[in-house]
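*Asks:* Residue numbers (this note's numbering), protein chains in the order written: chain A, 648 to 1092; chain B, 525 to 714.
You may find that some hints are simply not true.
[Said to hold, decoys possible] Far from chain B by the CB rule (all over 12 Å, computed), these chain A residues:
1. Y691
2. G700
3. F891
4. G896
5. E918
6. Q925
7. T930
8. K938
9. L939
10. I943
11. I974
12. I1009
[What the hints assert, rightly or not] With a straight-line cut-off of 27 Å between C-alpha atoms, the simulated BS3-like cross-links for lysine-lysine are:
13. B:K555 to A:K655
14. B:K591 to A:K1005
15. A:K920 to B:K591
16. B:K587 to B:K559
17. B:K616 to B:K591
18. B:K591 to B:K539
19. B:K543 to B:K584
20. A:K655 to B:K645
These aren't lab readings, by the way, just hints derived from the structure by calculation.
By construction, the Cβ of each residue, glycine as well, lies at the ideal position given by its N, Cα and C atoms.
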Amino acid sequence: MDRLFREKIQNHEAQVDSFVWESLQDQLKDTSFFNNKWLTYLSYAAIFFLTIGFTIAGSHQYFNYLKIQNQNFADQDDHLNQYYKYISKNATVQPQIITQKVEVPVEVTKIVEVPIEITKFIPSPGIEDILSKYEYFNYTEEELAHINEKIELIRGFNLSELPEKSKEEIGALNKIELDKLVVYGLENSLTEKERAEEEIFLFESSGLGMALDGTGIYTYKSETSTQQIVDNILRKKMTNLKGFQIGLGGTFFNSWILNKRPTEISTNSLEYKFTTGQQYGFTLGYNFNPKLGLEIGLAKANQGQRIIQYANATQIENEVRLGYVHIPLAFKYKWEQYSSITKHPIVMNYMVGLQYSKLLSIDGIMNSDIIMLEDLQRTHDIGFLVGLDYDIFLGNNYFVTIGARSTFGTDLNAVMNAFNNSSNTKTDNFTVGLKASFNYLFRMN
Amino acid sequence: MRKSIDKLHDYELVKQCIKKDKKAYKNLYDKFSGKMFSICLRYSSDYHSAEDILQEGFTKVYKNLVKFRFEGSFEGWLRRIIVNTAIEHYRKNVHMYPIMDVGNTEQEKIHDYVLEQLEAKDILEMIKNLSPGYQTVFNLYVIEGYPHKEISKMLDISEGTSKSQLARARYLLQKMILNLDQGYREAYAK
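For reference, chain A alone in the conformation it holds in the complex:
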C-alpha cells in the first residue's frame, strides 16, 4: 500500500487558485524592504554611533571642564606676550644661553615641548610658606652658583629697547628685584642637556612672574600659586605629544554574525548567542601633531559565535571558533588635555580606519542542513574600524590606553565581486569590545 500511495501521489499536481500568486506578489513587495540586510546593518550602526555619540559628548563635557580649569591658570595677557616676544628677538642675552639647547623662542606660548620630571623642589631662601608643603633641599655651593647664574641672566635682558607702553606695563621688572625664586628639577647629576630639559626657574618681582625653562620663558601673575604655575608649565610641556609610539595589548570583545542565513528556514532555524572573543598584539603609531596620528597593528584573534540550531524540533548548541590575524590601520584625531589628577596628559583619540583579516583556523561542527560551516569561513576579510581611546600618561613616555573598538568585517572576495552580480552567501561580522594596551612614546618635540 505504501509503495502504491507514494507512486500515485508523489508527483501529483493540484490546481492552485490564482489568488495565491497574487497574495504572494503582494507579500514579496511588502517585505522586500524590511528584509533588506542593510536595514539590519543600519540598526546596528545606529546603536553603535548613538553609544559612541553619547560617550563623546560626555568626554567633551569633561575635557571642556579641564580646559576651562587650565585656562584659569594660563596667562592671557596679550601685552606681556608681546613684550616677551620682543625680548626674545632683541635681548642681548637670550634665554637659550641659559639652556644652550634651543634657538630663541619666537612665541611665548610655544615655549616648551619637552617633558620634564620634577626631581626636586627647591624654594629660594626665605620663602617659608612653601617649605611646609614640599621637600626642602639646602642649596649646595654648586647649586647656588648655578641659580645665581640664572638670576644674572634674567637681570641681563636688555629692556631699553622696549616700546614705552610695554616698559610702563612691566616697569616692575626693570628693577629685577626678585621676591621669589623657585627652582624645579635642579639636579647636579644631570648633564647640561638634561638640565635644559628638566629645570624650571620661577622668578617673581612686584606682582609679575616669569618662568624660565630649557626652551624659553613663561609669564604668570604672581597671585597665582606656585603649584598652579608649575602645573601650567608642565601641562604645556607634556601635551603636544609628537613622535612614534609602540604598544602591546589586547582587546576583549563580543562578536555577532550579522546575516543570519540558515540554509532553510522553517523548522530549521538559528539563534545567535552572546559570544566573546579576544585578541592580542602590538601597535605602531606616529603622531604627526597634537591633533592627528596614524596607527597600524598586528593582532592574533580568537573569535567565534555560539549558535543554537533548532533542527527538526531538536535544539543543538554549537560554537564556531575562528582564528584570525588582524591588521588594522587607523587614523586618529586626538584631543590632548593635562589632568591635574594624574599630573600627566590624557589624550582622547577618535579612530577610523580599515582592517584586513586573514583566517588562520576554523573550528566547530555545524548542522549542514541549517548553516554551512563554509558560510562562516572567510579566508580574507576586509573591515571598517572605529574606536574611541583614552591614552593615560603615567610618565613622560609611558601611557596606558583603554578604549572601545568596533569593527564590521565582510568577505573580501564578496566585496571584489560586488559588481559581478555574484551573491554573497558568507556572513558578516560585527564586533564591539574593550581595548587595553601599554605603550611607549618616543617624543620628537
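Starting from the structure of chain A, add chain B where the hints point.
*Replies:* Then chain B, alone, in the frame of chain A:
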C-alpha cells in the same frame, strides 16, 4: 538525460530569480506550484490552510534562493522547504490536535487491484480526512521517506508514538479504501 536538462533549466530559472527577475519568479511559481500544492494538501485538513502553507513556503523560497547551492535537484530543495513549512504549521497547531498513543491496530488485507484503481485525488482526499497527527506522520514516513527517529524529533514525539500513529493512519486509510471499494461494488451491482 531528460532529468539533467530539467535540472539545468531549473538552475537557470533560479539564477534569474536571484537577479530579482519578476518574470522568473512567476515562471518558477508556475512550474512548481501544482506539485507543491499537492504536498500542502496532504498536510492540511482544508484547502485554505494548504494555500497558506503554499504561500508561506514560496515566500521563504524566494527569500532564500541565494542559499541554494546548485548542487542537487532544485525541486528536492523546494520540496523540503514546503514540507518544513507544513510541519511548522502543524507544530503551531499541535495543541489543537494532540497526538496520543493508540493501541495496536489490526490490519485488513486489501487486494492490489483495489489500490491500483485508486486515483491520486482519491488518495489525497483520504489523507486529508485523517486527523492532523496521523496525517503528518503518514506523509513523513510513507511519502517523504523519513525514518521514525527523524519524525519523532520533527514532531517532538516519541518514536513509539510515531510508529503507532502510522499504524493507526494505515488502519484508517485501509478502512476508507475498503469503504470506497464497497461503495463501488454496490454501485456496480445496481
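*Asks:* Broken hints, numbered, in rising order?
*Replies:* Of the numbered hints, all hold.
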